[in-house]
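Chain by chain, the residues:
4 protein chains.
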Amino acid sequence: MTQKAARHLDAQTEARIRESFASQTLMATFGASVTSISPGSCAISAPILPGARQQHGAGHAGLTFALGDTAAGYAALSLMPEGREVMTVEMKVNLLAPALGERLVASGRVVKSGKRLTVVTAEVEAVTGEEWRLVALLQGTMIPVDTV
Amino acid sequence: MTQKAARHLDAQTEARIRESFASQTLMATFGASVTSISPGSCAISAPILPGARQQHGAGHAGLTFALGDTAAGYAALSLMPEGREVMTVEMKVNLLAPALGERLVASGRVVKSGKRLTVVTAEVEAVTGEEWRLVALLQGTMIPVDTV
Amino acid sequence: MTQKAARHLDAQTEARIRESFASQTLMATFGASVTSISPGSCAISAPILPGARQQHGAGHAGLTFALGDTAAGYAALSLMPEGREVMTVEMKVNLLAPALGERLVASGRVVKSGKRLTVVTAEVEAVTGEEWRLVALLQGTMIPVDTV
Amino acid sequence: MTQKAARHLDAQTEARIRESFASQTLMATFGASVTSISPGSCAISAPILPGARQQHGAGHAGLTFALGDTAAGYAALSLMPEGREVMTVEMKVNLLAPALGERLVASGRVVKSGKRLTVVTAEVEAVTGEEWRLVALLQGTMIPVDTV
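If you read the protein sequences in the order shown, they are chains A, B, C and D. For the first sequence, this note's numbering gives the first residue as 1370, with consecutive numbering after it. For the second sequence, this note's numbering gives the first residue as 1370, with consecutive numbering after it. For the third sequence, this note's numbering gives the first residue as 1370, with consecutive numbering after it. For the fourth sequence, this note's numbering gives the first residue as 1370, with consecutive numbering after it.
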């Protein structure tokens, strides 16, 4: 179902993604980092910081969404040529379990990279020790735009 | 289309909402506050803080989503009896314009409050001076749960 | 929130919409007809035919979706210049009540008509005598394409 | 990510699904049939009948949605005890390519079957000879209800 793609991302594209990610201040606020990138995929990991919670101490849906949306966006960007970036058109999230654990890992994936739009999905898992638990599933659309 | 509802929220329900909101640390991180509540509706306002941005300095989609989702959740909660609260089952957001401005105002609204599920929508607007610009539209589902 | 728009659709655009609708065989199968069109809005009405039901005799979610999606699509098309039409990029539906009644009326509306994408919503109501009941709410994205 | 599940469905559950499917008149109108069922999965196949098309002769989005939603619903039902069935709460579809081919095959899958809600996905593929092409991706929520 995914795009056929090389296993490794070229160094230039990876540099573009890491630079873009580094300039997203929300990702810094959440303590998030890119843990893997390959063509059509991107994983982001973040702790559930004290300042990112809902009323019962679990990670806020806004945190879960932000990580999933961002992982999906960089998965889409990994297939874009230089001078192009992507913006989220729309994104839907189903929340499956409370975001509780040592950290959240969001894994974004390109389903179809078209000329005009890219369709993406993402899973967000809560990790505690060796245990991974799926907490959210996202499905959405990215649009390529010229880099400003 | 909305629920027929009294104009004013009883003091107890309003207190429950404000207390719940105050315990969402993500809302504090975003500098957000509840600006109005009535039965079936809730508005939340937040600045676009330096730490809540995407790579070009606009508000991150995660910020927009978090405000819209939270406004929709408290709109749903405003129709719940004591001892009940709500959780987001799923939420979809369409992003219409970059989140740029002095602040974002998210207005949540109950479309249907059923026994088992509540359907909600929210609009997020970017405000600059007298100008209000729609930046996102959300539609989703909340589920009532017993207060822990 | 809607686009500022003239009250009446010009005759040419209305003719284009009615011609396109007439060539959608699924709409004929469902016995559907366009009941009103204006710039940025379109309403479609259909009976709940014996051949369009789910296992308990209510209208199938596929019927409700098809009417809502089509009304939203023609709402979008009503704002397009000649030589352009629209396709659905994505659409989300929340089902609020069983589709039971004499007929369903789907009302589509443009929220934002941009150069590259149009964001739409639709409501589907079940009508029995004088009673109108909201059965579904849709939110989605249309993309303009050149007419073939 | 899927539920751990036995490979084969017990005969009683399979009979319940086939009986329910047979009473969905829309599925008969579309010439659809259940081609496989196992615990947590269901596939439905249908031709793109002359009466189920959009204005350019491709399968209507309402057809694609109906097949995907129904496959997802029966995937959910396959994990329900006797006396329970499911209804669609909400469903989102991303359309990836025109529904053109000899037939459409919708494959539904349970992501999480909870006590109160079941989260599902579905893929719809267009099949021509040996070629399978992904045309739509769905993600949604089903709710268990007592059989009437």
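Be careful, since some hints might not be right.
Here are the simulated DSSO-like cross-link-like pairs (lysine-lysine), alpha carbons at most 30 Å apart as the crow flies [to be verified]: (1) C/Lys1481 - A/Lys1484; (2) D/Lys1484 - B/Lys1481; (3) D/Lys1484 - B/Lys1484; (4) C/Lys1484 - A/Lys1481; (5) D/Lys1484 - A/Lys1481; (6) A/Lys1484 - C/Lys1484; (7) B/Lys1484 - D/Lys1481; (8) C/Lys1484 - B/Lys1481; (9) B/Lys1481 - D/Lys1481; (10) A/Lys1481 - C/Lys1481.
Here are a few chain B residues that face chain C, going by a calculated C-beta distance under 10 Å [claimed, not checked]: (11) Lys1461; (12) Leu1465; (13) Ala1466; (14) Pro1467; (15) Val1480; (16) Lys1481; (17) Gly1483; (18) Thr1490; (19) Leu1507; (20) Gln1508; (21) Thr1510; (22) Val1514.
For the record, the hints were derived by calculation from the structure and aren't laboratory data. Glycine included, C-beta positions come from ideal geometry on N, C-alpha and C.
Check your understanding: Which numbered hints does this structure break?
Key -> When the structure is compared with the hints, numbers 5, 8, 14 and 22 turn out to be violated.
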